[in-house]
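Colleague: Those protein sequence lines, which keep their order, are chains A and B.
Going by this note's numbering, the letters in the first sequence line up with residues 1 to 118, in that order.
Going by this note's numbering, the letters in the second sequence line up with residues 1 to 111, in that order.
Be aware that a few hints might be false.
[As the list claims (entries may be wrong)] Facing chain A, a subset of chain B residues (Cβ under 10 Å, in silico):
| id | residue |
| --- | --- |
| 1 | 36 |
| 2 | 38 |
| 3 | 41 |
| 4 | 44 |
| 5 | 46 |
| 6 | 58 |
| 7 | 79 |
| 8 | 91 |
| 9 | 100 |
| 10 | 101 |
| 11 | 102 |
| 12 | 104 |
No lab work stands behind these hints, which were simulated from the structure alone.
All residues carry an ideal CB built from backbone N, CA and C; glycine is no exception.
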Amino acid sequence: GAVVSQHPSWVICKSGTSVKIECRSLDFQATTMFWYRQFPKQSLMLMATSNEGSKATYEQGVEKDKFLINHASLTLSTLTVTSAHPEDSSFYICSARASTSGIAGELFFGEGSRLTVL
Amino acid sequence: SQKIEQNSEALNIQEGKTATLTCNYTNYSPAYLQWYRQDPGRGPVFLLLIRENEKEKRKERLKVTFDTTLKQSLFHITASQPADSATYLCVIMDSSYKLIFGSGTRLLVRP
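Only chain B is shown next, with the shape it has when bound in the complex (with noise of 0.2 Å):
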């Protein structure tokens, strides 16, 4: 079956370090892929786009790779900020063009 899996489980890190965030997809062969953030009780808010012959992106101090024979997408943030906690959201395009979202998860960054 097809599934977009990220860890359910809170990230907690101090400030100042980098986060890391997964994305594991089975059954699919997405061309594109997303990353959004969600605050509590808002809707998602885009942070970057990665193509499927791209192997990294960088905007700022996020980062996405891409790899498409692991089926992965790791998602960083360098230089974590308390401002940075936030759910973060996978999401990937299918073959019919429709996006399909992971479940999330959730980052704390601790002062």
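Just chain A, with the same shape it has in the complex (with noise of 0.2 Å):
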């Protein structure tokens, strides 16, 4: 099946640094990509839609000067904690849907990333 590939799996940072997380389609090209954020035992949410070669579009309540998002590939989209503070500690995920699906088409998953901000 399709794979998604995130990187890096788990991250531990000093405040005020920032931090990259990379989401690859390695198999497929994805038009858009979802980027979520999981605390403990709760269900994901969604922090903004990346769509490849336009700006991304965030949900409300998601400030897009801290958490900074390029969709520069078909292939690739990248999510950036700016300024991480430890708030901002939480476990990350990066889904992406084939551009051949349609809108309800299967979501595949990267494996999370684990942000620790000390």
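Make one complex out of these two single chains by using the hints.
Modeller: Pasting the structure below:
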């Protein structure tokens, strides 16, 4: 099946630094990718929808200057957590839908990135 | 308000039995409903999609029902195995084509 690779799988950083997380679709093209945040025992919360070649669409309450999203190609989207603080510590997950599938198409998820900000 | 609810308590069953998980939603009229499996510290994995005009969908030991009148989906795993232990997420698509995730129900299958 289709594979989405997310890197790094875990990262520890100091408060105030920026962290970049990559999401790659390895064997398919994804016009749209999604970024989620998940707290322990809670649902995935959609942060933003990343569209190739255009600006990301952020959900209400998500700071676009804090969480920078770049979708430069059909196989790569990046999320940069800028000036990270301890409250940004979370599990971040990306997903992608194949460009050839419809809007209800299966989402392929990355393995997630565990961010810990000290 | 719009809600999608899954039982927050873990479902603990004996190997070989059928596991039934429930997903209820309010103030949505989804055209599609999906179920995903999530293991601890991992991303979700797609299992099944069911459309609003489908009452039931099967895939191997999995069965999903979709009752748009009750606003409920049931997810069944027959002949459950310890390897089925995971959290199962119900996901619906809202009117703006956004996927809304339930908080998931944890299934524990005892050997």
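Colleague: Hints first: check each against the structure and report whether it holds.
Modeller: Hint check:
Taking 10 Å as the C-beta cut-off, the interface hint given for residue 36 of chain B holds, the closest approach to chain A being about 8 Å. About 8 Å separates the beta-carbon of residue 38 of chain B from the nearest beta-carbon of chain A, less than 10 Å, and the hint is met. With a least beta-carbon distance of about 7 Å to chain A, the hint placing residue 41 of chain B at the interface is held under the 10 Å criterion. With a least beta-carbon distance of about 5 Å to chain A, the hint placing residue 44 of chain B at the interface is held under the 10 Å criterion.
At its closest, the beta carbon of residue 46 of chain B sits 4 Å from a beta carbon of chain A; the interface hint therefore holds under the 10 Å criterion. A least Cβ separation of about 17 Å between residue 58 of chain B and chain A goes past the 10 Å threshold, and the interface hint is therefore violated. Proximity of residue 79 of chain B to chain A is violated relative to the hint, the smallest CB-CB distance being about 23 Å (cut-off 10 Å). Proximity of residue 91 of chain B to chain A holds as hinted, the smallest CB-CB distance being about 8 Å (cut-off 10 Å).
A distance limit of 10 Å between C-beta atoms decides the matter here; for residue 100 of chain B the minimum to chain A is near 8 Å, and the interface restraint holds. Nearest Cβ of chain A to the Cβ of residue 101 of chain B: about 4 Å, under the 10 Å cut. The hint holds. Of the supplied interface hints, the one on residue 102 of chain B holds, with its beta-carbon coming within about 6 Å of a beta-carbon of chain A, less than 10 Å. Annotation: residue 104 of chain B was flagged as interfacial toward chain A, and the flag holds, the nearest CB pair being 7 Å apart, inside 10 Å.
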